Amino acid sequence: MSHPPDQAVAAVEPADTAEATIDDVRRRIAAGEPLVGSLLTHFFRAVHTVDPSAVEDSLAPLPGNRGIHLYDNLVAWASMVAGERVLDVGTGSGGAARAAARVVGPTGWVAAVDPVQEALDLAAERTPPEMSITYRRGGVESMPYLEDRSLDCAVASLVFEELPDLERALGEMFRVLRPGGRLVGSVMAFDRLRPMDAAFMGAVIGVVGRHAPGGLAGRASRASIPDEPQDKRAFADTGFLTVEEQDVQLALVMQDVDDAWRVFSRTHLAHMLDEEGREDLRASIARRLPHTLYLPVRFLRTRRPG
Numbered sequence: 001m002s003h004p005p006d007q008a009v010a011a012v013e014p015a016d017t018a019e020a021t022i023d024d025v026r027r028r029i030a031a032g033e034p035l036v037g038s039l040l041t042h043f044f045r046a047v048h049t050v051d052p053s054a055v056e057d058s059l060a061p062l063p064g065n066r067g068i069h070l071y072d073n074l075v076a077w078a079s080m081v082a083g084e085r086v087l088d089v090g091t092g093s094g095g096a097a098r099a100a101a102r103v104v105g106p107t108g109w110v111a112a113v114d115p116v117q118e119a120l121d122l123a124a125e126r127t128p129p130e131m132s133i134t135y136r137r138g139g140v141e142s143m144p145y146l147e148d149r150s151l152d153c154a155v156a157s158l159v160f161e162e163l164p165d166l167e168r169a170l171g172e173m174f175r176v177l178r179p180g181g182r183l184v185g186s187v188m189a190f191d192r193l194r195p196m197d198a199a200f201m202g203a204v205i206g207v208v209g210r211h212a213p214g215g216l217a218g219r220a221s222r223a224s225i226p227d228e229p230q231d232k233r234a235f236a237d238t239g240f241l242t243v244e245e246q247d248v249q250l251a252l253v254m255q256d257v258d259d260a261w262r263v264f265s266r267t268h269l270a271h272m273l274d275e276e277g278r279e280d281l282r283a284s285i286a287r288r289l290p291h292t293l294y295l296p297v298r299f300l301r302t303r304r305p306g
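Each residue of the sequence shown is one higher than the one before, starting from 1 at the first, in this note's numbering.
Hints listed in this document are in silico derivations from the structure and should not be mistaken for laboratory results. Predicted model, so just to flag it, every value in this text is computed and none were measured. Glycine residues also receive a C-beta, built at the ideal position from the N, C-alpha and C atoms. Only true hints are included.
Restraint-style ranges between C-beta atoms, simulated for each label pair:
| id | residue 1 | residue 2 | range |
| --- | --- | --- | --- |
| 1 | VAL253 | GLU19 | 28 to 36 Å |
| 2 | ASP237 | ASP57 | 33 to 41 Å |
| 3 | MET196 | LEU216 | 19 to 27 Å |
Could you put together the complete structure from these sequences and hints?
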C-alpha cells in the first residue's frame with residue numbers, strides 16, 4: 001500500500017518561499033552569476049515546489065518514436081519482474097514509481113524518494129492505495145533508512161542532471177543495490193538534436209543568454225550524461241559496470257504558440273526568465289512555428305557487479 005511522505009527526513013524550503021527563491025535566482029543569473037552549486041540546487045527544488053507535476057504532465061504524455069513512453073520504457077529496460085524491490089530517486093509526482101509498482105505487483109515494493117514535500121504530496125494523491133509504494137522525503141545522497149544490498153533495481157527519470165554530486169549519489173545507489181542489481185535512468189540528450197531542432201533550441205537558448213546569461217553554465221555547457229569524462233569517471237569510480245545507452249525521441253508537435261507554451265512554460269529554462277524574458281521566449285518560439293520538435297531522451301542502464 002502507499003504511505004504518506006516521511007516528515008522526518010531532509011527538510012527543504014517551504015512552499016511559501018519557493019517563488020521568492022526563484023525570483024532571487026533570476027536576479028542573480030541575470031547579472032551573470034553562474035547557475036551552479038548550491039544556487040542550482042535551490043533553484044531546482046524551488047521550481048519543483050511550485051510545479052511538481054511538470055515532467056509527468058507535459059513530457060510524459062508526448063508520443064515517442066518506436067512507441068517510447070518516458071516511464072513505461074524506463075521500467076521495461078530495467079527488466080523488472082514481480083516481487084522485486086525497487087528504488088525511484090527524485091520521484092517527483094510519482095510517475096516512474098507507479099510504473100514500477102504496476103510491474104513488481106503486490107509482492108514487490110517501491111521506495112520513492114524526493115526532497116520536495118509538495119511533489120511527494122502530489123505523488124501520494126495520484127497513487128492508488130493498492131500500490132506497494134512508500135514515499136520518503138530526502139535526497140539520494142543519503143538514504144540511511146535503506147539497508148545495504150537490499151534492492152533489486154533503482155530508476156532515475158530525468159534526475160541525474162539535477163544531482164549536485166553525481167558520484168556521491170551513485171555511490172549511495174550502489175550501496176543499496178544487491179550484487180547484480182540494475183540502475184536505469186533517463187537524461188535529456190540535447191547534443192543529439194536534429195539540425196533543424198538544434199536551430200530551434202538555439203533560438204531558445206539565445207533568449208536565455210540575453211536575459212539570464214548565468215543560466216548557461218554548469219551542465220548546460222557540458223555533454224549529456226554519461227558522455228562527459230567526469231560523468232564516465234563517476235560511474236566507473238563508484239563501481240558500476242559500463243553504461244549502456246539507448247537514444248530515443250519524444251515528439252512535441254507545435255501548430256501554434258499555445259501548443260508550444262503548454263510545454264515550454266513549465267521548463268527550467270522558462271523559470272530562469274522574468275516576465276520580459278518569458279515574453280521574448282514566447283515571441284521567439286512563435287516566429288518558428290509550426291514545427292515538430294523531436295526532444296532527444298537517452299535511457300541509461302548499468303548494474304552493480306555480481
